[in-house]
Amino acid sequence: MSNEELTERERALIAEFDDLLADPSLWAVPDPELEDRVVAAITVEAERSAPAGSVTHSYSAMPSRRRRWLATAGAAAVGAAAAAVFTLIATRDSSPAADATVAMTGTELAPGITGSAGITSGASGVEIHLEVPGLPRRDGGEFYQVWLKNCDGSELVPAGSFHELDWAIAWAGVSTDDFPLITVTKEVAAAPTDPAQGSSGEVVVAGAVAPCPT
Amino acid sequence: MSQRADEPSLVSAFVAGDELAVRSVYGAYSGLVMSVAMRVLGDRGLAEEATQHTFVQAWRNARSFDPERELAPWLVTIARRAAIDIQRREARRPADALDDADPGDGALVALPPSAEAMWEAAQVRLAVDALPPDERSIVRLQHVDGFTHSQIAEQLGVPLGTVKSRSYRAHRALAASLAHLREEAP
Numbered sequence: 001m002s003n004e005e006l007t008e009r010e011r012a013l014i015a016e017f018d019d020l021l022a023d024p025s026l027w028a029v030p031d032p033e034l035e036d037r038v039v040a041a042i043t044v045e046a047e048r049s050a051p052a053g054s055v056t057h058s059y060s061a062m063p064s065r066r067r068r069w070l071a072t073a074g075a076a077a078v079g080a081a082a083a084a085v086f087t088l089i090a091t092r093d094s095s096p097a098a099d100a101t102v103a104m105t106g107t108e109l110a111p112g113i114t115g116s117a118g119i120t121s122g123a124s125g126v127e128i129h130l131e132v133p134g135l136p137r138r139d140g141g142e143f144y145q146v147w148l149k150n151c152d153g154s155e156l157v158p159a160g161s162f163h164e165l166d167w168a169i170a171w172a173g174v175s176t177d178d179f180p181l182i183t184v185t186k187e188v189a190a191a192p193t194d195p196a197q198g199s200s201g202e203v204v205v206a207g208a209v210a211p212c213p214t
Numbered sequence: 001m002s003q004r005a006d007e008p009s010l011v012s013a014f015v016a017g018d019e020l021a022v023r024s025v026y027g028a029y030s031g032l033v034m035s036v037a038m039r040v041l042g043d044r045g046l047a048e049e050a051t052q053h054t055f056v057q058a059w060r061n062a063r064s065f066d067p068e069r070e071l072a073p074w075l076v077t078i079a080r081r082a083a084i085d086i087q088r089r090e091a092r093r094p095a096d097a098l099d100d101a102d103p104g105d106g107a108l109v110a111l112p113p114s115a116e117a118m119w120e121a122a123q124v125r126l127a128v129d130a131l132p133p134d135e136r137s138i139v140r141l142q143h144v145d146g147f148t149h150s151q152i153a154e155q156l157g158v159p160l161g162t163v164k165s166r167s168y169r170a171h172r173a174l175a176a177s178l179a180h181l182r183e184e185a186p
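Each protein sequence line maps, in turn, to chains A and B.
Quick note on numbering: the numbering used here labels position 124 of the first sequence as 124, and the sequence is numbered without any gaps.
Quick note on numbering: the numbering used here labels position 101 of the second sequence as 101, and the sequence is numbered without any gaps.
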C-alpha cells in the first residue's frame with residue numbers, strides 16, 4: 001500500500017485495522033432480495049399487532065421499482081429517505097390488517113409440534129406467515145413444502161419450500177376461500193418431469209383457515 | 001460516532017412498522033448487520049438468515065428503544081446475538097466427521113467474537129460505509145484483494161494518479177473516523 005502522503009500516525013492507525021479491512025466478512029452485503037423479505041416480515045407483524053387501520057405501510061400496493069428506488073435512497077442518505085417517509089405516510093392509505101391466524105398442528109409424522117399461520121390476503125396473493133418451531137431442519141435437497149388445498153383434496157397449490165418453519169413466509173396465488181386447508185409436507189428435490197415433483201403426501205403439519213363442509 | 005440528527009424520528013416511524021422507515025433503516029444498516037453476522041457465522045446463507053432475524057427482532061423491541069440513542073450499537077448487539085443463536089443451532093445438527101468438515105463451516109467456530117471486538121469491527125464497517133463508493137472500492141481492492149495502485153488503475157480503468165489520490169483521501173478519512181478507538185485505549 002502506498003501511503004506516502006499520510007502522516008506517520010495515520011499510517012500506524014490504518015495498519016492497526018488492516019486485519020479487519022482485509023477480512024472479506026467486513027465487506028459483506030446481503031442479497032438484494034433480502035430487503036423485501038425483511039419488510040414483508042415486519043409489515044405482517046405490524047398489521048397483526050396494530051389496531052385496525054392504524055398501520056401506515058402499503059407494501060403490496062407500491063410498485064417494486066419505486067420501492068427499490070426508495071430503498072437505494074435510504075441507503076444513500078437516511079435523512080433524505082426519512083423525510084420522504086413522513087411525506088409519503090401522509091399521502092397513502094392504510095393496508096388491510098391480517099385476515100386470520102390459524103393453529104397449525106403436527107401429524108403422526110411430527111407429534112407434539114404446534115404453531116401458527118398468519119393469513120393476509122393482498123393483490124398479489126395470500127401471504128402465510130408460519131411460525132412452527134421444533135421441526136428438524138431439512139437440507140441437502142430435502143425440504144418442507146407448504147401447500148394450500150381445497151376441501152375435497154382434489155386440488156393442491158404450492159406456496160413455497162423451506163429448510164425449516166420456525167419463522168417463514170409462504171405465498172400462494174389463490175384464495176383461502178377456495179383453498180382453506182394448509183398442509184406442510186416433507187419433499188426432496190426432483191427432476192422437472194419426475195412424479196416426485198408433486199406432493200409426497202407425507203404431511204407433517206396441517207391447519208385450516210375455515211372448516212370444510214362435512 | 002455522532003448520532004444522525006434525523007434518527008429519533010426515523011426510529012419512531014420504524015416502531016410504527018412503516019414500510020419506508022423499515023426500508024430506510026434496512027438500507028442504512030443492512031451491510032453493517034450482515035458483516036456482524038458473517039463474522040460470527042462465516043456462511044453467507046446463515047448470515048442472511050441472521051440479518052433478517054436482526055431487523056425483525058429490532059422491530060419487535062423497538063418500542064423499548066430510546067430514540068435518542070444511536071441505532072448502530074443496538075443493531076450490532078442484536079445481530080451478534082442472532083448470529084450466535086444460529087451458530088448454536090447449527091452446532092446441534094448431526095455432524096459428519098471433522099475430517100470431512102468444511103474449514104469455513106460456521107459450526108466449527110468455537111467462540112464468537114467478543115462484544116467489544118464485534119463493536120470495533122462494526123465501527124470499521126461504518127467508517128468504510130461512510131466513504132464515497134469510488135474510494136470504498138479502492139480500499140477494498142487494496143486490503144482484501146491485495147492489489148497495487150497500478151493493478152487497481154488497470155482494473156477500474158482510471159489513471160494511476162486518480163487511484164493514488166482517492167486512496168489517500170479514503171485512508172485519511174478512515175484514520176480520522178477510527179482514531180477515537182485508539183485514543184480511548186489506556
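Honestly, the hints are just simulated from the structure, not real lab data.
Ideal Cβ placement from N, Cα and C applies to all residues, glycine included.
Be aware that a few hints might be false.
[As the list claims (entries may be wrong)] Taking beta-carbon pairs under 8 Å as the criterion, some of the chain A residues facing chain B (in silico):
| hint | residue |
| --- | --- |
| 1 | Pro-24 |
| 2 | Trp-27 |
| 3 | Leu-34 |
| 4 | Glu-187 |
| 5 | Asp-194 |
[To be verified] Partial list, derived from the structure: chain B residues whose beta carbon lies under 8 Å from chain A:
| hint | residue |
| --- | --- |
| 6 | Gly-17 |
| 7 | Glu-19 |
| 8 | Ser-35 |
| 9 | Glu-48 |
| 10 | Pro-67 |
| 11 | Arg-69 |
| 12 | Leu-111 |
| 13 | Met-118 |
| 14 | Trp-119 |
| 15 | Ser-137 |
| 16 | Leu-141 |
| 17 | Leu-156 |
[Stated by the list, open to error] Here chain B is said to cover these stretches of chain A; the calculated rule only asks that three of the stretch's residues, wherever they fall, bring their Cβ under 8 Å from a Cβ of chain B:
| hint | segment |
| --- | --- |
| 18 | 36-43 |
| 19 | 146-158 |
Checked hints:
Hint status for Pro-24(A) relative to chain B: holds, with the closest Cβ pair at about 6 Å, below 8 Å. Because the beta carbon of Trp-27(A) sits about 6 Å from the nearest beta carbon in chain B, less than 8 Å, this interface hint is met. With 8 Å as the threshold, the beta carbon of Leu-34(A) comes within range of chain B, its nearest partner Cβ sitting at about 5 Å, so the hint holds. The restraint placing Glu-187(A) at the interface with chain B is violated, with a minimum CB-CB distance near 19 Å, outside the 8 Å limit.
For the restraint placing Asp-194(A) at the interface with chain B, the shortest Cβ-Cβ distance is roughly 25 Å, beyond the 8 Å limit, so the hint is violated. With a least beta-carbon distance of about 3 Å to chain A, the hint placing Gly-17(B) at the interface is held under the 8 Å criterion. Satisfaction of the interface hint for Glu-19(B) is found here, the shortest Cβ-Cβ separation to chain A being roughly 3 Å, below the 8 Å cut-off. Annotation: interface hint on Ser-35(B) holds; nearest CB of chain A at approximately 5 Å, less than 8 Å.
Interface hint at Glu-48(B): satisfied, since its Cβ lies 5 Å from the closest Cβ of chain A, which is below the 8 Å cut-off. The criterion of a C-beta within 8 Å of any C-beta in chain A is not met by Pro-67(B), whose closest approach is roughly 12 Å, and the hint is violated. Interface hint status for Arg-69(B): violated, as the beta-carbon distance to the closest one in chain A is roughly 15 Å, over 8 Å. Annotation: Leu-111(B) was flagged as interfacial toward chain A, and the flag is violated, the nearest CB pair being 16 Å apart, outside 8 Å.
Interface hint status for Met-118(B): violated, as the beta-carbon distance to the closest one in chain A is roughly 11 Å, over 8 Å. The interface hint given for Trp-119(B) is violated, since its Cβ lies 12 Å from the closest Cβ of chain A, which is over the 8 Å cut-off. With a least beta-carbon distance of about 10 Å to chain A, the hint placing Ser-137(B) at the interface is violated under the 8 Å criterion. This hint is violated: Leu-141(B) has a C-beta 11 Å from the nearest C-beta of chain A, more than the 8 Å allowed.
A hinted interface residue such as Leu-156(B) counts as satisfied when its beta carbon comes closer than 8 Å to some beta carbon of chain A; here the least separation is about 16 Å, so the hint is violated. With 6 residues having a beta carbon nearer than 8 Å to a beta carbon of chain B, the segment 36-43 of chain A meets the requirement of three or more and the stated coverage holds. For the segment 146-158 of chain A, the assignment as covered by chain B is violated, since 0 residues bring a beta-carbon within under 8 Å of that chain's beta-carbons and 3 are needed.
In the structure shown, a violation is registered for the earlier hints numbered 4, 5, 10, 11, 12, 13, 14, 15, 16, 17, 19, in ascending order.
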